[in-house]
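In case you want the letters, here they are:
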Amino acid sequence: MIDPLQASLSIASSGLEAQSARIRVVSENMANSESTGATAGAAPYARKTITFEGEMSRAVGAELVKVKNIGTDRTPFRIEHDPGNPAADQNGDVKLPNVNVLVEMADMREANRSYEANLQILKQTQGLVSMTIDLLKG
Amino acid sequence: MIPAIGPILSAVDPSSALDVVTKGATGASASTPTDFGQMLTQVATDAVSSLQKGEATAISGVQGKASVQQVVEAVMNAQENLQTAIAIRDKLVAAYQEVSRMAI
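From first to last, the protein sequence lines stand for chains C and D.
Counted from 1, the first sequence has number 117 at position 117 by this note's numbering; the numbering is strictly sequential.
Counted from 1, the second sequence has number 104 at position 104 by this note's numbering; the numbering is strictly sequential.
Heads up, some of the hints might be wrong.
In silico BS3-like cross-links for lysine-lysine, where the CA-CA straight-line distance does not exceed 30 Å [stated by the list, open to error]: (1) C:LYS48 / D:LYS65; (2) C:LYS137 / D:LYS53; (3) C:LYS123 / C:LYS66; (4) C:LYS123 / D:LYS65; (5) C:LYS48 / C:LYS68; (6) D:LYS53 / C:LYS68; (7) C:LYS123 / D:LYS53; (8) D:LYS65 / C:LYS68; (9) D:LYS91 / C:LYS123; (10) D:LYS65 / C:LYS66; (11) D:LYS91 / D:LYS53; (12) C:LYS48 / C:LYS66; (13) C:LYS137 / D:LYS91; (14) C:LYS66 / D:LYS53; (15) D:LYS65 / D:LYS53; (16) C:LYS68 / C:LYS123; (17) C:LYS137 / C:LYS123.
Some, not all, of what chain C presents toward chain D, calculated at C-beta under 7 Å [said to hold, decoys possible]: (18) SER13; (19) LEU16; (20) VAL129; (21) ILE133; (22) LEU136.
Which residues of chain C face chain D? A few of them, derived with a C-beta cut under 8 Å, are [what the hints assert, rightly or not]: (23) SER20; (24) ILE23; (25) GLN126.
Read the hints as simulated data drawn from the structure, not as lab findings.
Glycine residues also receive a C-beta, built at the ideal position from the N, C-alpha and C atoms.
Build out the structure end to end from the sequences listed, making use of the hints.
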């Protein structure tokens with residue numbers, strides 16, 4: 001049997017890790033939003049996606065969150081006519097990543113808010129635990 | 001129940017003189033009867049082991065092997081265990097002194 005407050009701390013901590021993985025994926029997408037292929041006509045950087053799943057932890061006795069899969073977005077690449085680009089094919093078309101910077105920004109905001117929410121849980125729980133321990137003092 | 005207290009309190013023999021201190025807090029039946037000194041030793045050992053774990057995680061965090069979240073969690077855990085151990089020790093030592101000051 002584990003203390004529910006202790007379990008909340010572990011769960012919120014797993015949430016922090018999951019959201020930081022999400023932020024990592026977003027920053028990867030942002031940084032590579034203009035990365036073209038290495039050779040002529042090659043496929044550019046494909047946007048990465050991240051999914052989460054619940055994971056029953058026996059040690060904690062509660063459902064933690066973990067990264068389920070980091071996959072790639074299958075939406076078609078943007079095509080731009082730029083014959084001077086080294087990655088351009090015979091027609092002078094360059095494939096650009098299927099990354100929409102606005103979507104990534106929104107995703108980052110969401111991850112940020114989620115992270116803050118988990119931090120708040122950690123803070124509140126920690127406060128409750130130390131207040132309880134303080135009962136023994138004085 | 002605070003996890004650091006649970007096993008310690010349930011380790012105390014409920015038929016001993018410390019019954020007053022532990023009464024109500026122990027749900028489980030006591031397994032092995034231990035004396036006051038052994039219990040304090042156990043409190044200290046638990047605190048030290050969780051402190052060591054927190055320290056090890058902090059070091060691997062500095063080395064880049066553990067995430068900030070893991071380091072914070074381990075250190076917070078260690079701090080909490082140490083606070084619990086100190087609070088229990090203070091309380092129990094006070095109770096012990098109270099007994100020793102008893103007028104005979």
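Structure-based check of each hint:
1. C:LYS48 / D:LYS65: holds (24 Å)
2. C:LYS137 / D:LYS53: holds (25 Å)
3. C:LYS123 / C:LYS66: Since the Cα atoms of LYS123 of chain C and LYS66 of chain C sit roughly 21 Å apart, the hinted pair holds (cutoff 30 Å).
4. C:LYS123 / D:LYS65: Holds - the C-alpha atoms of LYS65 of chain D and LYS123 of chain C are around 25 Å apart, at most 30 Å.
5. C:LYS48 / C:LYS68: Cα-Cα ~13 Å, so holds.
6. D:LYS53 / C:LYS68: Measuring from Cα to Cα gives roughly 28 Å; hence the hint holds.
7. C:LYS123 / D:LYS53: holds (21 Å)
8. D:LYS65 / C:LYS68: Holds, at about 22 Å.
9. D:LYS91 / C:LYS123: holds (27 Å)
10. D:LYS65 / C:LYS66: holds (19 Å)
11. D:LYS91 / D:LYS53: holds (26 Å)
12. C:LYS48 / C:LYS66: Holds, at about 17 Å.
13. C:LYS137 / D:LYS91: Holds. LYS137 of chain C to LYS91 of chain D sits at ~7 Å (cutoff 30 Å).
14. C:LYS66 / D:LYS53: The hint holds at about 23 Å.
15. D:LYS65 / D:LYS53: At roughly 14 Å apart (the allowed maximum being 30 Å), LYS53 of chain D and LYS65 of chain D satisfy the hint.
16. C:LYS68 / C:LYS123: With Cα atoms ~27 Å apart, LYS68 of chain C and LYS123 of chain C stay inside 30 Å; holds.
17. C:LYS137 / C:LYS123: This hinted pair holds, its Cα atoms lying about 21 Å apart.
18. SER13: holds (5 Å)
19. LEU16: holds (4 Å)
20. VAL129: Cβ of VAL129 of chain C sits 6 Å from chain D, so the hint holds.
21. ILE133: Holds - the Cβ of ILE133 of chain C comes within 7 Å of chain D, reaching about 5 Å at its closest.
22. LEU136: holds (4 Å)
23. SER20: holds (7 Å)
24. ILE23: This hint is violated: ILE23 of chain C lies away from chain D, its Cβ roughly 12 Å from the closest one there, beyond 8 Å.
25. GLN126: Holds, about 6 Å.
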